Amino acid sequence: MQAFTQDVRFNGNSCEIYLQGRLNYHSIPEIWNNTLSEIKEKNPSRLILDVSEVDSCDASGIAYFLEHKRTQESRNGEFLLRGLREEFQYLYQISTSTQIKEDPEQKQFFEDLKEKPEEIGLFVVNRYDDAKNLIEYIGELTVSFWYSIFHPSVIRWRDVFRTAEHAGVNAFPIIAMIGFLLGLIMSFQSAIPMKKFGAEIFVANLIGLSLFRELGPLMTAFILAGRSGSAFAAELGTMKVSEEVDALSTMGLSPIQFLVVPRLLAAIIMTPLLTVVFNLLGLVGGAIVLMSFGFPLVTFINQVLSAVTIVDFAGGMVKAYVFGLVIAGIGCFEGLRTTTGAGAVGQSTTRAVVGGIIYVAILDGIFSIAYFYLGI
1 MQAFTQDVRF NGNSCEIYLQ GRLNYHSIPE IWNNTLSEIK EKNPSRLILD VSEVDSCDAS
61 GIAYFLEHKR TQESRNGEFL LRGLREEFQY LYQISTSTQI KEDPEQKQFF EDLKEKPEEI
121 GLFVVNRYDD AKNLIEYIGE LTVSFWYSIF HPSVIRWRDV FRTAEHAGVN AFPIIAMIGF
181 LLGLIMSFQS AIPMKKFGAE IFVANLIGLS LFRELGPLMT AFILAGRSGS AFAAELGTMK
241 VSEEVDALST MGLSPIQFLV VPRLLAAIIM TPLLTVVFNL LGLVGGAIVL MSFGFPLVTF
301 INQVLSAVTI VDFAGGMVKA YVFGLVIAGI GCFEGLRTTT GAGAVGQSTT RAVVGGIIYV
361 AILDGIFSIA YFYLGI
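Residue numbering for the sequence shown follows my numbering, starting at 1 and increasing by one per position.
Do not take every clue at face value.
As the list claims (entries may be wrong) - Label-pair distances were calculated between CB atoms; the ranges are:
hint : residue 1 : residue 2 : range
1    : His151    : Ile201    : 51 to 61 Å
2    : Glu165    : Glu140    : 20 to 30 Å
3    : Leu253    : Gly139    : 10 to 20 Å
4    : Glu119    : Asn11     : 41 to 51 Å
5    : Val318    : Pro296    : 26 to 36 Å
6    : Glu244    : Val124    : 27 to 37 Å
To be clear, the hints were calculated from the coordinates, so they are not data collected in a lab. Just so we're clear, the structure is a prediction, and the values are computed from it rather than from any experiment. Heads up, the beta-carbon is just placed ideally off N, CA and C, and yes, glycines get one too.
Work the whole structure out from these sequences, hints included.
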């Protein structure tokens with residue numbers, strides 16, 4: 001087997017490199033830097049590597065080929081590998097397919113970012129405006145709400161009762177059904193591991209505490225966010241698009257006092273009541289499961305009464321009150337900031353549902369931490 005030799009020939013804008021012998025980690029260091037420097041200096045538009053006389057080639061030789069190929073491609077030049085033996089082609093193909101290539105989408109993203117810095121500023125300004133509008137809305141709503149509490153005559157009670165009917169009474173079937181099914185499912189799922197220890201009776205304790213402290217107000221809030229929060233956003237959004245809100249402002253009537261406060265009061269009244277319904281139907285579902293295991297109903301009731309205290313019930317009701325306040329407030333806020341356009345109302349409705357669920361989840365986490373440190 002002959003020693004390694006290399007012959008570099010330049011012909012105008014073309015360069016041909018003839019390699020012979022053993023191309024491995026012993027011979028590559030001698031030619032790597034010198035050859036690449038010479039190629040970069042001459043900058044040929046076409047580079048041909050003739051390796052028909054190469055007897056052996058390892059990963060170092062393949063890396064040498066790929067480096068020439070990458071250099072030519074970066075200059076938009078032509079690269080040709082000629083005469084590569086069949087026993088080396090598989091290694092070359094594998095190395096070529098596993099090369100790390102620059103993601104064109106990522107490259108385009110950074111180019112756009114560099115060319116259009118105003119988009120970053122616009123994003124920051126928009127988020128600042130959103131935060132500013134939300135703070136102004138909360139302040140105005142707080143003033144209007146407490147003014148209405150101390151002056152009940154300014155409240156449009158007909159709208160309060162109408163909204164309470166749509167958001168609360170009409171939601172009774174779905175709340176009752178989901179509460180019953182959730183209690184049923186939780187009882188079956190918790191009874192499976194407890195049965196191994198003969199502790200099926202403590203399913204009643206688990207169901208009672210879970211519903212009254214956590215799942216009752218949380219699931220009720222999620223359902224109302226999708227049902228009532230979206231309805232508030234759609235109603236006020238449609239009024240905003242049809243310029244009815246602007247007409248109220250023109251007549252000297254506050255949209256917050258006239259439209260938001262009645263919906264807020266209806267949500268505050270109905271959310272705790274729907275939570276109680278959810279809890280009771282969840283207990284009914286759990287009772288049915290335990291009765292199917294052979295436990296009498298009075299045993300289930302006694303277990304729940306021994307596990308759940310008035311503090312647990314009150315804690316859940318406080319959550320329900322705050323969740324109802326947040327869901328109605330976010331729904332009305334998104335409705336009032338509806339823009340013009342065919343899909344504006346739909347976008348406001350989507351933001352109301354998503355925002356309501358997110359804020360409820362965040363508040364639930366805050367309540368959990370607060371209750372833990374208060375020992376509740």
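Verification of the supplied hints:
1. Take histidine 151 and isoleucine 201: their Cβ atoms lie about 53 Å apart, and the range 51 to 61 Å holds.
2. A hinted range of 20 to 30 Å for the beta carbons of glutamate 165 and glutamate 140 is consistent with their spacing of about 27 Å.
3. Checked against the given bound of 10 to 20 Å, the beta carbons of leucine 253 and glycine 139, roughly 19 Å apart, stay inside it.
4. Restraint check, glutamate 119 to asparagine 11: a C-beta distance of roughly 50 Å satisfies the suggested window 41 to 51 Å.
5. For the hinted restraint 26 to 36 Å between valine 318 and proline 296, the CB-CB distance of approximately 33 Å keeps it satisfied.
6. For glutamate 244 and valine 124, the Cβ-Cβ distance of about 33 Å falls inside the hinted range of 27 to 37 Å, so the restraint holds.
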